[in-house]
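A.B. asks: Listed below are the residues making up each chain.
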Amino acid sequence: GAGVSQSPRYKVAKRGQDVALRCDPISGHVSLFWYQQALGQGPEFLTYFQNEAQLDKSGLPSDRFFAERPEGSVSTLKIQRTQQEDSAVYLCASSLLWRGLAGPTDTQYFGPGTRLTVL
Amino acid sequence: AQKITQTQPGMFVQEKEAVTLDCTYDTSDQSYGLFWYKQPSSGEMIFLIYQGSYDEQNATEGRYSLNFQKARKSANLVISASQLGDSAMYFCSTSRAGGTSYGKLTFGQGTILTVHP
Chain A
135 GAGVSQSPRY KVAKRGQDVA LRCDPISGHV SLFWYQQALG QGPEFLTYFQ NEAQLDKSGL
195 PSDRFFAERP EGSVSTLKIQ RTQQEDSAVY LCASSLLWRG LAGPTDTQYF GPGTRLTVL
Chain B
2 AQKITQTQPG MFVQEKEAVT LDCTYDTSDQ SYGLFWYKQP SSGEMIFLIY QGSYDEQNAT
62 EGRYSLNFQK ARKSANLVIS ASQLGDSAMY FCSTSRAGGT SYGKLTFGQG TILTVHP
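Same order as they appear, the protein sequences are chains A and B.
Quick note, the first sequence lines up with residues 135 to 253 if you use this note's numbering.
Quick note, the second sequence lines up with residues 2 to 118 if you use this note's numbering.
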């Protein structure tokens, strides 16, 4: 498919477990974003990659959250020692390339998300 | 910091009628982008329409149009000829220009639209 894909779609974890969420961006998209969406809320920014470089991680809520994109394509968001407050939908989005203009080419295309439930 | 306000938690519309979803934004930036997304119950965020802060004409994409009033800082989404498949959550969002913002989006709380047959 040509869109952004994410796996797994659903993840149930016991409190204290580590989880890894995967994102496959649109081929050729340089920019990749992770967002967290709590139930009934709008998504909130977590982190941003340009190719393999993580240029902004200001939205990561704690040092238990870690993201990587080692080859500039697939990205993984890892959450260590999960807590109940981590329960949310984690959305991945990609766009062509950030040129600093806030223009139409910066449109982000989202994947279906991973719904994480921490018991 | 940017802020998006969507004051309508829920909206109802009759099939084939037009509906307007409100969005106001708060930013001190001169250059920014405004994006509307649709999120059906399946969860995926679907891009609908984009408006640039320097665009003088309102954006249109098929049945979607954006009523952009820069002085009032509003960017309302108009959906014409509503269809049952339009029932979903709708999010208004904004990004800012400038190298260190990287295009990250700030979202509103969303509006749930229900289309009645």
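One or more hints might be untrue.
[As the list claims (entries may be wrong)] Okay, derived cross-link-like pairs now, SDA-like style, lysine to any residue, Cα gap no bigger than 25 Å in a straight line:
| id | chain 1 | residue 1 | chain 2 | residue 2 |
| --- | --- | --- | --- | --- |
| 1 | B | 71 | A | 172 |
| 2 | B | 4 | A | 145 |
| 3 | A | 145 | A | 179 |
| 4 | A | 191 | B | 71 |
| 5 | A | 145 | B | 90 |
| 6 | B | 4 | A | 195 |
[Stated by the list, open to error] Pairwise CB distance ranges, derived in the manner of DEER restraints:
| id | chain 1 | residue 1 | chain 2 | residue 2 | range |
| --- | --- | --- | --- | --- | --- |
| 7 | A | 217 | B | 82 | 24 to 34 Å |
| 8 | A | 218 | B | 113 | 24 to 34 Å |
| 9 | B | 101 | A | 174 | 39 to 49 Å |
| 10 | A | 239 | B | 101 | 40 to 50 Å |
| 11 | A | 196 | B | 101 | 36 to 46 Å |
| 12 | A | 172 | B | 74 | 23 to 33 Å |
[What the hints assert, rightly or not] Simulated coverage check for chain B against chain A, where a stretch passes if three residues somewhere in it have a Cβ under 8 Å from a Cβ of chain A:
| id | region |
| --- | --- |
| 13 | 20 to 26 |
| 14 | 38 to 51 |
| 15 | 83 to 97 |
| 16 | 101 to 110 |
Derived by calculation from the structure, the hints in this document are not laboratory data.
As the structure is a computational prediction, the values presented were derived from the model and not from experiment.
Glycine residues also receive a C-beta, built at the ideal position from the N, C-alpha and C atoms.
A.B. asks: Does each hint hold? Answer for all of them.
C.D. replies: Okay, the hints, checked on the actual structure:
1. 71(B) / 172(A): violated (30 Å)
2. 4(B) / 145(A): violated (31 Å)
3. 145(A) / 179(A): holds (20 Å)
4. 191(A) / 71(B): Violated. Residue 191(A) to residue 71(B) sits at ~31 Å, over the 25 Å cutoff.
5. 145(A) / 90(B): Judged against 25 Å, a Cα distance of about 23 Å means the pair holds.
6. 4(B) / 195(A): Given that 25 Å is the threshold and the Cα spacing comes to 19 Å, the pair holds.
7. 217(A) / 82(B): 24 to 34 Å: violated (46 Å)
8. 218(A) / 113(B): 24 to 34 Å: At 26 Å between Cβs, range holds.
9. 101(B) / 174(A): 39 to 49 Å: violated (30 Å)
10. 239(A) / 101(B): 40 to 50 Å: violated (18 Å)
11. 196(A) / 101(B): 36 to 46 Å: With Cβ atoms ~22 Å apart, the hint is violated.
12. 172(A) / 74(B): 23 to 33 Å: With Cβ atoms ~26 Å apart, the hint holds.
13. 20 to 26: violated (count 0)
14. 38 to 51: holds (count 8)
15. 83 to 97: holds (count 4)
16. 101 to 110: holds (count 10)
Going down the numbered hints, you'll see the structure goes against 1, 2, 4, 7, 9, 10, 11, 13, while the others check out.
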